[in-house]
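Residue strings, one per chain:
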Amino acid sequence: MQAEIIISGFGGQGTLYAGQLMAYAAMDEGKHVTWIPSYGPEMRGGTANCTVVISDDEIGSPTALHPTAVIAMNLPSLDKYEPMIKPGGYLIVNENMVNRAAVRDDIHVLMVPASTIAMEIGNERAANMVLLGALEGNMHLLEEGALEGALEAHTAARLKKFIPMNIEALHRGAEFQAG
Amino acid sequence: MALELIKGNIAIAETALRVGLVSYFGYPITPQTELLEHLSARMPELGRAFVQAESELGAINMVYGAACTGLRTMTSSSSPGVSLMQEGISYISGTELPAVIVDVVRGGPGLGNIAPSQADYTQLVHGGGHGEYHLIVIAPASVQEAVDLTSLAFDLAEKYRMVVCLLLDGSLGQMMEPVELPEFQPLRTTPPAWAIGSPDSKEHVVMTSINIDPPNQEQFNVKMMTRWEEVEKNEVRYKGYYLDDAEYVVIGYGTAGRIALTAMRAAREQGLKIGLLRPISLSPFPTRAVDELADRVKGFLVVEMSNGQMLDDIISIAARRVPVDFYGRMGGMVPYPDEIANAINDLVNGEHDVNADGRAKWLTKMRELVGTGE
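For the record, the sequence lines run as chains U and E. Reading the first sequence from the start, the letters are residues 145 to 323 in the working numbering. Reading the second sequence from the start, the letters are residues 4 to 377 in the working numbering.
Hints listed in this document are in silico derivations from the structure and should not be mistaken for laboratory results. A hint or two may mislead.
To be verified - Chain U side only, calculated, beta carbon under 7 Å to chain E, not exhaustive:
(1) Ala167
(2) Ile180
(3) Gly204
To be verified - Derived, one-sided and incomplete: chain U residues facing chain E with beta-carbon distance under 8 Å:
(4) Met171
(5) Pro181
(6) Pro206
(7) Thr207
(8) Thr260
Heads up, the beta-carbon is just placed ideally off N, CA and C, and yes, glycines get one too.
Based on the sequences and whatever the hints tell you, model everything.
Shown next, in the form of structure tokens:
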């Protein structure tokens with residue numbers, strides 16, 4: 145098994161962190177994993193993305209031209225990555241941040257109102273976790289509860305108070321199932 | 004031991020600490036800065052020396068001074084900064100001192116950009132400084148390998164009293180992977196017998212690279228070359244993948260090597276017998292391994308994130324026994340496995356002309372792919 149996931153959005157939306165959480169969870173269950181950010185001037189605003197590769201085997205390329213899945217947190221990300229996804233792969237979109245539907249019909253598409261859900265549970269910044277929950281809830285790349293476990297295991301003490309909200313965000317996202 | 008998920012830059016810094024780094028001197032430059040940043044916090048915590056120098060020239064000459072004590076010292080930088088250090092590297096080499104230099108390579112030439120590149124191969128493997136000296140150059144392809152080779156770098160620097168360079172590209176510096184870090188080693192604070200400050204040393208120890216008497220200098224150079232023969236005998240490292248039944252072999256190091264692994268697997272799925280040779284020590288180079296393959300395979304594909312700097316070495320070893328194709332990206336661009344897979348297909352389905360110029364073929368393709376901007 146190998147999966148390549150690109151998580152992309154504006155700087156500050158938590159794309160890099162969402163990828164890191166996946167990477168921690170994959171590491172904790174003994175999988176090979178790489179996390180690589182785009183590290184250009186986009187770190188100072190503009191778009192930010194990372195690629196996570198999870199595999200049972202030694203990982204070659206840490207990036208992929210045709211990823212298995214993409215989380216698009218804004219319109220530029222949707223425009224850029226929708227055409228690249230491997231047929232049969234997954235596209236998870238923050239519906240609140242785009243003004244169009246996906247056009248591909250050979251991939252699974254989930255339009256998730258992640259910002260709305262995140263605000264409902266207390267903080268718009270949890271939208272990244274809603275989308276990650278939707279990804280994992282459909283693709284099942286990790287063992288049940290792996291992301292929740294990684295949150296518990298790898299969150300800094302001063303941020304632990306956000307864990308319950310993030311777990312709720314993951315669960316709310318997982319309720320969205322691709323048709 | 005528990006695994007940790009950390010960036011290549013930080014993994015190198017933390018490993019250096021744990022294997023007994025006594026002093027660090029550096030100047031910030033992307034994409035290497037996290038390495039220096041990590042040490043700026045950790046070295047004072049441990050009561051060790053961290054100095055942010057006024058420039059890379061200052062940093063390398065501080066390393067020169069610290070290395071005279073024989074205690075573990077290092078600097079790190081990225082391409083333009085390493086170019087500035089070349090004079091100092093030659094001086095340290097000419098004084099037979101152990102030091103570790105990390106080059107997290109970025110796109111160039113000139114100030115270039117902060118994106119990943121492998122275009123410092125020539126300046127480090129074939130010497131960027133003046134005079135006849137060699138560096139040991141080792142190139143990790145993963146964060147764990149960066150950890151293991153950092154530890155090795157200090158050992159080799161001490162064993163041979165040479166400068167050891169850890170050569171990686173910006174993407175490996177920024178990439179996170181699970182790693183097992185070494186345990187803390189006891190810190191050596193007493194200089195070895197040959198060094199300044201040793202309790203066993205003579206009253207006056209002179210450390211210099213000046214050697215005004217040519218016969219004397221030549222004798223020294225013979226000694227250095229003899230030591231290099233030992234290094235070539237003992238310190239060649241590489242990793243082979245599916246070489247046993249390979250009909251064609253891809254050769255790439257570092258990030259280009261691991262991307263080629265993905266391409267090689269895709270080619271294997273198509274039924275092509277492709278192997279991969281990933282040099283880990285670039286200096287000394289795995290010449291014999293390449294030489295033996297040239298006798299029994301049908302062709303090589305060299306993959307680099309440069310204009311083909313290692314390619315020249317492979318062409319020289321292959322000596323027209325097999326065709327040597329090339330695929331490279333330059334200026335901070337990183338190839339996707341798909342591009343390398345295409346290059347593998349071109350090699351397999353190509354003319355098999357041992358006299359063909361692999362670089363010229365590639366450059367023709369590049370003019371179509373990216374143009375010249377004119």
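Here's how the hints hold up against the structure:
1. Ala167: holds, 6 Å
2. Ile180: With Cβ-Cβ at 4 Å, under 7 Å, it holds.
3. Gly204: Holds - the Cβ of glycine 204/U comes within 7 Å of chain E, reaching about 3 Å at its closest.
4. Met171: It holds, given that the least Cβ distance between methionine 171/U and chain E is near 4 Å, below 8 Å.
5. Pro181: holds, 6 Å
6. Pro206: holds, 6 Å
7. Thr207: holds, 7 Å
8. Thr260: Hint violated; threonine 260/U Cβ to chain E Cβ min 31 Å, cut 8 Å.
Hint 8 alone, counting from the list given before, is not met by this structure.
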